[in-house]
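Asker: Protein chains in written order, with this note's numbering: chain A, 1 to 244; chain B, 1 to 198.
Hints are computed from structural coordinates only; laboratory data are not their basis.
C-beta: ideal position from N, C-alpha, C; glycine also.
Check each hint, because a few of them may be wrong.
What the hints assert, rightly or not - Covered, in the sense of this in silico footprint (three residues per stretch, anywhere, with C-beta under 8 Å from a C-beta of chain B), are these stretches of chain A:
no., stretch
1, 63-75
2, 132-140
3, 206-216
Claimed, not checked - Output of the computed footprint for chain B on chain A, the stretches with three or more beta carbons under 8 Å from beta carbons of chain B:
no., stretch
4, 108-122
5, 188-200
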Amino acid sequence: MRDGQVVKGVRFRDHRVVGDIMALAERYRDEGADELVFYDITASPQGRSVDRSWVRRVARVLDIPFCVAGGIRSIADAEEVLNAGAEKISINSPALTDPALIDALSRRFGAQCVVVGIDSERTAAGYRAFQFTGDPSRARESGRDVLEWVREVQDRGAGEIVLNCMGSDGVRRGYDLEQLRAVREVCRVPLVASGGAGASEHFAAAFRDAGVDAALAASVFHNGVIAIGALKQALRSAGIEVRP
Amino acid sequence: MSGTVIIDSGGANLASLQFALERLGVAARVSANAGDIAAAERVILPGVGSAADAMHRLRAAGLAELLPQLAQPVLGICLGMQLLFEHSAEGDTDCLGVLPGTVRRLDPSITRPVPHMGWNRLHELANDPLLKGLGPEAYFYFVHGYVAPLGAFTLARTHYGEDFSAVVRHRNFCGVQFHPERSAASGAGVLANFLDLS
C-alpha cells in the first residue's frame, strides 16, 4: 500500500502501482487466499501512521483473516486498526526502534495478533535486520543480528514472525530456504516465508524444506503469474495439506 | 431489547464479527450491559486477549454471574468458548463453569509452533444443528495458544499435536475454538446455523 493504492517493487525499490485495494482484496478472497497482509510501506519512513480509512472497508468484505502493517507505533495505533476489523497488526521498523512495544502490544491484545516483520539481508556479518526499507533513501541496517532478534521478539511476546528475505524479494527465484531454515531453528512461533516466490515449486519447497507455517507472496499473484487455485492444487499434489 | 448481542468484554476486534453477521443480514449490537444481554434473543461471547483479563472484565461488568444463567442461545468464540469452562491454565483463572474441565496450554514443539495458527478441518462431527451442512472437508481458521478438553459436550474435535474440542455444546451454550467470522464460507455456515437456533 502506498497512498491508498497497492504497489509492488523489486528488492524493495522501484514500486509500481498494481491496483485498487478493494478490487484486489475481493479478488484474492474469491480466489481462495488464506490470509491477506497489507503493508503501508510509506508509513514509517515519513514518520506518520497508516491511513486507516480503508481498514474498515476491507474488513467489511473479507471473510478471511487479514493483517495490517505500517507505522504502528503505539497501543492506540494498534487498537484503532484492530477495532476497525483487522485480525493482526504487524510491526517492523517501530519494533527495532522501541522493542518494548512488542511486550506492550502482546500484553494488551494477546500474542496471537502481534506479528513482527523482519526485513533480513545476508551480509558479511551474517543475517542482519534492516529498518525503514519502504524508502530506499532511508533504509538502513538496524545493527541487529536476525537470529538474535528472532529470539528476542519471541521472548517479548510476538505471536508470529514474517521473515522478508530482502535479497530474494520480487525477483521470483524462490524463497531463501537456507535463511528460513536458520530462522526456523530458533523460532517457536508461526513463521511466514516472504520474498522470492516465482513458481508453485518455491512454495512447496518452503513448506517441505524450511518447515514454514505459511508462505507469503505478492508479485506472482498481482501479475497473475501464479493463480491461487492452481497453486493450492500443486501443493496438494506435493502432499502438503492446504485449504482448497 | 432483542436481537443478537455481542458481549463487549473489552478486547479489540469486535468489528470483524459484526461485519460477518452483517453479511448474513443481522445487525448485531455490542454491549456490556447486563440488561441488554439478558433480554437478547442470542448472545455471542467473543474473546481476544487473555482469560484473566476477560474474566476480570466480565466480573467487573456483573456478567460472570449472569452468563451461566442465560437460557437463550449463547455462542463463545475462541477465548469466549474457553471461558465457558470451569478453569483456564492461562493466568490460573476461574471461568464461567458452564462446561466441566480445564483449558490448558498447547505444548509447543519445533514442529508445532504455538500459538496454533492456520486452517484446519474438524473430526468426528456430531449430528447437531450447529454443524448443519458442514462436513469433515470444511476448513476453519484457528489461532490460539490454549485448548479445551474433550467431553460429552464435544461436537467436533481438531488435531494439532493433540486432539482438542473445536466445537462444543451443552444445552443452549455453544462454543467454537476457531474464528467463524474469518473462516470464509464454512465459518459463515456455522454463524448462520447459530442464528437459526432457538
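Asker: Does each hint fit the structure? Answer for all of them.
Answerer: Status of the hints after comparison with the structure:
Proximity of the stretch 63-75 of chain A to chain B, defined as three or more residues with a beta carbon under 8 Å from a beta carbon of that chain, is established by the 3 residues found. Coverage of the stretch 132-140 of chain A by chain B is violated. Counting CB-CB distances below 8 Å, 0 residues qualify, and the rule asks for three or more. Here's how the stretch 206-216 of chain A fares: 3 of its residues keep a CB closer than 8 Å to some CB of chain B, so the rule of at least three is met and the hint holds. Restraint check on the stretch 108-122 of chain A versus chain B: 6 residues with Cβ-Cβ distances below 8 Å, three needed, restraint holds.
By the rule of at least three residues with a Cβ nearer than 8 Å to a Cβ of chain B, the coverage given for the stretch 188-200 of chain A holds, with 4 such residues.
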